[in-house]
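**Q** Please model the entire structure based on the sequences and the hints provided.
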Amino acid sequence: DTAVSQTPKYLVTQMGNDKSIKCEQNLGHDTMYWYKQDSKKFLKIMFSYNNKELIINETVPNRFSPKSPDKAHLNLHINSLELGDSAVYFCASSQRVGIEAFFGQGTRLTVV
Amino acid sequence: DAKTTQPPSMDCAEGRAANLPCNHSTISGNEYVYWYRQIHSQGPQYIIHGLKNNETNEMASLIITEDRKSSTLILPHATLRDTAVYYCIVRVVFGNEKLTFGTGTRLTIIP
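Protein chains in written order, with the numbering used here: chain A, 200 to 311; chain B, 488 to 598.
Be careful, since some hints might not be right.
As the list claims (entries may be wrong) - Quick list of in silico lysine-lysine cross-link-like pairs, PhoX-like style, CA-CA up to 20 Å:
| # | chain 1 | residue 1 | chain 2 | residue 2 |
| --- | --- | --- | --- | --- |
| 1 | A | K240 | B | K490 |
| 2 | A | K208 | A | K218 |
| 3 | A | K221 | A | K239 |
| 4 | B | K539 | A | K239 |
| 5 | A | K243 | B | K490 |
| 6 | A | K243 | A | K266 |
| 7 | B | K539 | B | K490 |
| 8 | A | K221 | A | K235 |
| 9 | A | K221 | A | K270 |
These aren't lab readings, by the way, just hints derived from the structure by calculation.
**A** Written as structure tokens, this is what we have:
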């Protein structure tokens, strides 16, 4: 059983397109996150949701719109994709006052 | 910004203990020390965390100095599968939940 699963694992798309990455966790956690890891391997938080409510938004361009239909899902929609959006995107979840965060296996997005 | 300093890389012989240092001289009283690792671009994996006492679990031990300005992660019997980037992170648990990753230490286990 995969605790945090992301789809797709790889995504190649052209500039200007709109794409979505899906994330689901089966751990019963209240908090979910999106992280971005760029080509230099820096891992930075983008968003955090707690019980479907946005609690962290780290000055991410508004082309990125997270959506949480329920607390087990946090999807990331990206409009008008740019070359600089190429990165690996990780979803994670944790308890609200939790000890550890569980990460998905990542989605490698390549914008051409 | 990360509040920790780690060496960029380390090597360790297979079967030996790997000792990974971390400096966090500006740590606050309510901040915990967390360790995660990332194996070959997989998702980061939680290892261990502590506040001021030494901690041990099935993966590793965490030694925190008395002044809490530095800590050491110990992998007691390193295997090739422990080759990864190890991140030391300080965070407040009962507040902002985000993890702020630094550049980490790339640990290479040598056969």
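**Q** Now tell me if each hint is right for this structure.
**A** Going through the hints against the structure:
Pair hint K240(A) plus K490(B) holds up; C-alpha atoms about 18 Å apart against a cutoff of 20 Å. Under the criterion of a C-alpha separation no larger than 20 Å, the hint pairing K208(A) with K218(A) is consistent with the structure, at around 13 Å. Between K221(A) and K239(A), the direct Cα distance comes to roughly 24 Å. Violation of the 20 Å bound is thereby established for this hinted pair. Among the hinted pairs, K539(B) with K239(A) is inconsistent with the structure: their alpha-carbon atoms are about 32 Å apart, more than 20 Å.
Between the alpha carbons of K243(A) and K490(B) the distance comes to roughly 14 Å, so the proposed pair stays at or under 20 Å and holds. Proposed proximity of K243(A) and K266(A) is supported: the alpha carbons are some 19 Å apart, at most 20 Å. Only pairs whose Cα atoms come within 20 Å are accepted, and K539(B) paired with K490(B) is accepted, the gap being roughly 17 Å. The hinted pair formed by K221(A) and K235(A) meets the criterion: a straight-line CA distance of about 14 Å does not exceed 20 Å.
Distance check on the hinted pair: K221(A) and K270(A) sit about 13 Å apart at the alpha-carbon level, within 20 Å; holds.
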